[in-house]
Amino acid sequence: MAKKDKAAKAAKRQRGLEKSLKNQKKSASKSKKLNAKLGEEDEDIDEMLARFAQKQEDFEKVEIENCERPSKRQNATLSPNPVNARELILFGGETLTKDGAAQFFNDLYIYNTYSNTWKQAKSANSPLPRSSHAICAHPSGVLVMHGGEFSSPKQSTFHHYGDTWVLDASTREWTKVDIRNGQSSPQPRSGHRMCAWKNYILLFGGFRDLSDSTSYLGDLWAFDVTEYEWTKIEFPKTLSVPEARSGHSFLATNEGAVLFGGYTKVKASKGQQKGKILQDSWVLHMKADLENIKWERRKKGAYAPSPRIGFQLAPHRPGSGKGVMFGGVYDTEETEENLKSLFYNNLYSYQSETNRWYELRMRNIKQKQEVRSKVSNSKSNEEDLEKNLSQILKNLNIDLDEMIDDAEINPELSAENSTEEKAEFQVRLNPPHPRFNSAVCVQQDIFYIYCGQFEDGDSEYTFDSFYAVDLGKLDGYKVIWEEEHIAANEARDEEEDDEEDDDEDDEDDEGEEPVDEVLVAESEDVEVEEGDSTEAEDEKDLRPWLPHPKPFETISNFYRNHLEVFVQYALNDEPEARGKDLKKFAFEMARDRWWERREHVQGAEEELEDLGGVEDVVNKNRSGRR
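The sequence shown runs 1 to 626 under this note's numbering.
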């Protein structure tokens, strides 16, 4: 009986299942007929997802194509590519059209410094057009951008961006940083500055145009390039912090960063605001624990430039605490009806460790005997070098020949291995036309100056020009391109300067520089502390135990001639380093030492040139010397 009941139940379930399937078929058939009548026949879900994925891929796709040089612009950013020592990356900026309307850009250009060629990277997934933004290159291979501004064509209204983007330097792909609930990020701003310290991008200052007034910012933020998160750095009210500002310099050091100068506005009579140029300097002491960071005001740097704005220090090798600046502007008289300004075109370098400024002057090689540096390559010197180094390296499996032959560390970038033709340019001693707001950067010890701005009364000009300066040689300004009328003016000025060159050299030592001296007292009062510009500080050597470069000795020759010493110190600092890593550490130490003593050695070079030139400078090998 039980078996019959089970069989009956099973048969019933089977009939129910068949009926259910039959009903589903009927329902699907009715739905299909109905959709066909309405023209909405169902699609395959996989095809739909594939179509959406293709749209996303097209949106993020990056197309790179050869192009002509970019158009002239101001308030753009020019950055060294952190993964390719031959490339610069240009983004954004603004200019005025012929009818006076403001035009903003969001194009991304890549410049090859060796072949003098440009490429443009195009993608629908790009930041909106802007200028006065901040971009910072990080050694990990990315560039981080934040903020910037956009205006209506007649510049009656402004918009400040508060977004953050990350650019992959290799693929040229942009990624917008999503700010999740509960996270904070810097508010919209322009004129701020950023620098890289370890795994952080530091951001300070900026301003916001609020139509009836301008608000300046003095907050400090840290962006973690590993987590893509912003952290606001808070300070106790008892600690001193820098004044809010924009257009300042923010230079990374091994310990943190150095802040210099900038511009702000203070209250004036009748509720008006008056511009104030800052010339103070601060050191930011960074810690792994962001809660222990502190600011410290430092002395005014010796031989600091006269007060000015519209410039920024471009880092000369990230984290080294060395920077280079060009140009700037100082408003000598500012009223509601009138603005008178002085524009500059001098070149300065800054050394954070010594807190000292140097005005970089080109060497007039035309009127002096050409200096040739020759290296002694005798067989005995090579044998002595190999013998002494073998005692250090024999147990480390390091290819000694490779270390000696490959002194430039980046063989893939050498001219011998390149299929590109190296571009040649006119080089002249005269500096470019005075300007401010140029886009500048340093790549491979070459300082680049792109475009810039100049004002003449009520007229405003944006230069269409591009220059480069070899910071090791200081043999002149390489003219990559410039407007014809500028070239004519510069040629005329250079002829006049050539006629008076010798007299000016003598006057520089005895007389004063009226512009840089007179204006110091016209800006913010900054106390000049004792000892800022003493001769003892000029001659101070921070690491006297390391070798000293000789006059006219190149970085490569300096490295070769003292290879044993730098390998020993590299092994002390990095005992686990082997092969190419050890070679890299040794070369970087030699390169840093060469630049550390550059100003001192340059003085000796000029003295030798004044004696009538040097026919042969022989750099003897010092291997085996105690």
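Be aware that a few hints might be false.
Derived lysine to aspartate or glutamate pairs resembling DMTMM-like cross-links, with alpha carbons at most 25 Å apart [stated by the list, open to error]:
1) K584 - D541
2) K294 - D331
3) K299 - E60
4) K294 - D209
5) K300 - D280
6) K550 - E483
7) K72 - D107
8) K478 - E421
9) K422 - E353
10) K274 - D458
11) K122 - E60
12) K55 - E255
13) K176 - E68
14) K265 - D44
15) K22 - D44
16) K287 - E353
17) K61 - D99
18) K72 - E483
19) K276 - E229
20) K232 - D289
21) K274 - D44
22) K274 - E234
23) K422 - D178
24) K274 - E243
25) K154 - D456
26) K270 - D209
27) K265 - E243
28) K270 - D331
29) K287 - D592
30) K340 - D475
No lab work stands behind these hints, which were simulated from the structure alone.
The hints, checked one at a time:
1. K584 - D541: holds, 24 Å
2. K294 - D331: violated, 33 Å
3. K299 - E60: Violated, at roughly 49 Å.
4. K294 - D209: violated, 29 Å
5. K300 - D280: Cα-Cα ~7 Å, so holds.
6. K550 - E483: Distance of about 39 Å is beyond 25 Å: violated.
7. K72 - D107: holds, 13 Å
8. K478 - E421: holds, 17 Å
9. K422 - E353: violated, 36 Å
10. K274 - D458: At roughly 19 Å apart (the allowed maximum being 25 Å), D458 and K274 satisfy the hint.
11. K122 - E60: holds, 10 Å
12. K55 - E255: violated, 46 Å
13. K176 - E68: violated, 28 Å
14. K265 - D44: violated, 63 Å
15. K22 - D44: Distance of about 23 Å is within 25 Å: holds.
16. K287 - E353: holds, 18 Å
17. K61 - D99: Violated - the C-alpha atoms of D99 and K61 are around 35 Å apart, more than 25 Å.
18. K72 - E483: Between K72 and E483 the Cα gap is close to 10 Å, so the pair holds against 25 Å.
19. K276 - E229: It is violated: about 33 Å lies between the C-alpha atoms, which goes past 25 Å.
20. K232 - D289: Distance ~13 Å between K232 and D289 Cα, so the pair holds.
21. K274 - D44: It is violated: about 66 Å lies between the C-alpha atoms, which goes past 25 Å.
22. K274 - E234: violated, 28 Å
23. K422 - D178: violated, 42 Å
24. K274 - E243: This hinted pair holds, its Cα atoms lying about 15 Å apart.
25. K154 - D456: holds, 20 Å
26. K270 - D209: holds, 19 Å
27. K265 - E243: holds, 11 Å
28. K270 - D331: holds, 21 Å
29. K287 - D592: holds, 24 Å
30. K340 - D475: violated, 33 Å
Comparing the model with each numbered hint stated earlier shows that hints 2, 3, 4, 6, 9, 12, 13, 14, 17, 19, 21, 22, 23, 30 do not hold.
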